[in-house]
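Protein chains: 2
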Amino acid sequence: MTIQIYELCGADQKHLFSPHCWKVRMAVAHKGLQWETIPVPFTEVAATEGGDSRRVPVIRDGDNVVEESFEIAKYLEANYADKPSLFGGAAGEALSLQIVNWSVVTLHPEVAKLCLMDIYKALAPADQEFFRTTREKMFGCTLEEFSAKHPKNADGLTKALTPLEMTLKTQSFIGGATPLFADYAVFGALQWLNTTSSTDYLSGDTAVLRWFNTLLDMYDGMGRKGKLAA
Amino acid sequence: MTIQIYELCGADQKHLFSPHCWKVRMAVAHKGLQWETIPVPFTEVAATEGGDSRRVPVIRDGDNVVEESFEIAKYLEANYADKPSLFGGAAGEALSLQIVNWSVVTLHPEVAKLCLMDIYKALAPADQEFFRTTREKMFGCTLEEFSAKHPKNADGLTKALTPLEMTLKTQSFIGGATPLFADYAVFGALQWLNTTSSTDYLSGDTAVLRWFNTLLDMYDGMGRKGKLAA
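Order-wise, the sequence lines are chains A and B.
If you read the first sequence in the working numbering, its first letter stands for residue 1, the second for the next number, and so on.
If you read the second sequence in the working numbering, its first letter stands for residue 1, the second for the next number, and so on.
Hints should not be assumed to be uniformly reliable.
SDA-like mimics (lysine to any residue), calculated; alpha carbons at most 25 Å apart, straight line [claimed, not checked]: (1) A/Lys121 with A/His108; (2) A/Lys169 with B/Met138; (3) B/Lys169 with A/Arg55; (4) A/Lys113 with A/Ala126; (5) B/Lys159 with A/Cys141; (6) B/Lys137 with A/Lys113.
No lab work stands behind these hints: they were computed from the structure.
Modelling step: build the complete structure from the supplied sequences, incorporating the hints.
Given below as structure tokens:
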């Protein structure tokens with residue numbers, strides 16, 4: 001059976017950039033399951049799977065519909081227990097939540113500072129309007145003001161990645177010798193930037209960049225696709 | 001057999017404040033092992049257990065001497081495998097390292113900003129001299145300049161704790177239903193502040209404070225001792 005993953009898309013339906021959707025796609029691939037992407041633009045997200053206030057990612061797996069990336073990861077772990085684990089046990093699941101929260105709180109704002117306008121420009125007109133209205137309310141200023149406020153260099157992101165750089169100097173993945181969901185959670189944040197910006201903000205001889213490239217190459221180089229066409 | 005834990009102390013040998021030493025003491029207590037503290041002032045740390053450049057914590061367990069808190073946790077896990085786990089498996093150990101690194105990189109500087117002068121004042125004269133020389137070299141300014149630069153309020157620390165607050169709204173401990181080494185690692189950072197400062201920087205109705213108080217009460221309220229006498 002093929003799992004359907006509803007994923008946020010830009011004006012180009014092949015431009016898949018949502019960090020949370022990338023987490024789920026990597027998790028489904030990790031489990032070795034068949035899947036297909038159903039691209040959803042911003043203005044159609046709420047109505048996904050007959051909902052009225054949904055947020056992507058949403059997956060349909062047969063009769064089951066599951067929303068929110070960590071919930072989906074837990075669903076996959078429970079329902080495909082014979083496939084490679086995403087958490088490595090109950091303790092690993094609990095510890096993963098802290099790493100997921102660190103990524104969302106610390107890395108996501110740094111990525112948003114760098115590529116908010118790039119996301120906006122890559123959307124279809126109706127989605128641009130939706131994005132502008134919701135984000136300007138969230139930030140309390142215009143998209144242009146938000147973008148102008150933040151210099152377009154990697155300093156903030158690099159600083160936020162310091163704990164990860166330390167970890168990846170000791171072990172290949174956050175999960176140890178092989179990746180776990182915690183890796184995909186952090187990968188999602190950086191893939192959000194990678195699929196949207198034409199600037200390579202990750203550069204230099206860093207453990208983070210080596211790790212990120214390894215993850216991009218996994219699962220038939222799945223992460224190399226979905227990038228905004230230059 | 002009693003494990004000896006060499007722990008950093010102030011002018012008062014009962015004032016035990018090192019975050020890394022607290023991690024180890026909590027880990028030893030978690031394993032239900034007998035231990036005793038050997039207090040070591042800054043100027044005697046390097047020579048611990050016949051060394052010349054040691055850093056505490058160091059433990060002696062029979063013929064084994066182990067240094068550095070994460071290495072000690074791994075030693076305890078491997079050598080007392082029948083006792084409650086500190087990691088919950090190999091994945092948990094790997095994931096814990098990222099949380100340890102997050103704590104050191106993100107929380108430790110915020111704690112240092114708040115209580116550097118308190119630590120200094122609590123040391124014996126020879127240790128004060130050592131502390132001043134090493135820290136002023138590290139910070140590139142005098143202790144007094146460093147302290148004056150940073151306002152004595154909880155804003156920076158509270159912000160740094162945001163991912164943890166999110167996690168502890170969902171589950172009782174970083175480790176899930178019960179604490180793991182990752183909990184003790186973060187506890188150590190906050191206990192460094194708690195044992196040294198007379199100001200309660202953790203306050204209000206927060207999940208972090210409830211969690212911290214729970215950990216302070218564990219193991220016969222061990223964390224309630226070691227605080228600088230008011």
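Hints, verified against the model:
Between the alpha carbons of A/Lys121 and A/His108 the distance comes to roughly 19 Å, so the proposed pair stays at or under 25 Å and holds. At most 25 Å may separate the alpha-carbon atoms for a hinted pair to count; A/Lys169 and B/Met138 meet this at roughly 23 Å. Restraint check for B/Lys169 and A/Arg55: satisfied, since their Cα atoms lie roughly 21 Å apart, inside the 25 Å limit. This hinted pair checks out: A/Lys113 and A/Ala126 have alpha carbons roughly 23 Å apart, not beyond 25 Å.
Distance hint between B/Lys159 and A/Cys141 is fulfilled; the C-alpha atoms sit about 22 Å from each other, no more than 25 Å. A distance of roughly 34 Å separates the Cα atoms of B/Lys137 and A/Lys113; the hinted pair therefore is violated under the 25 Å criterion.
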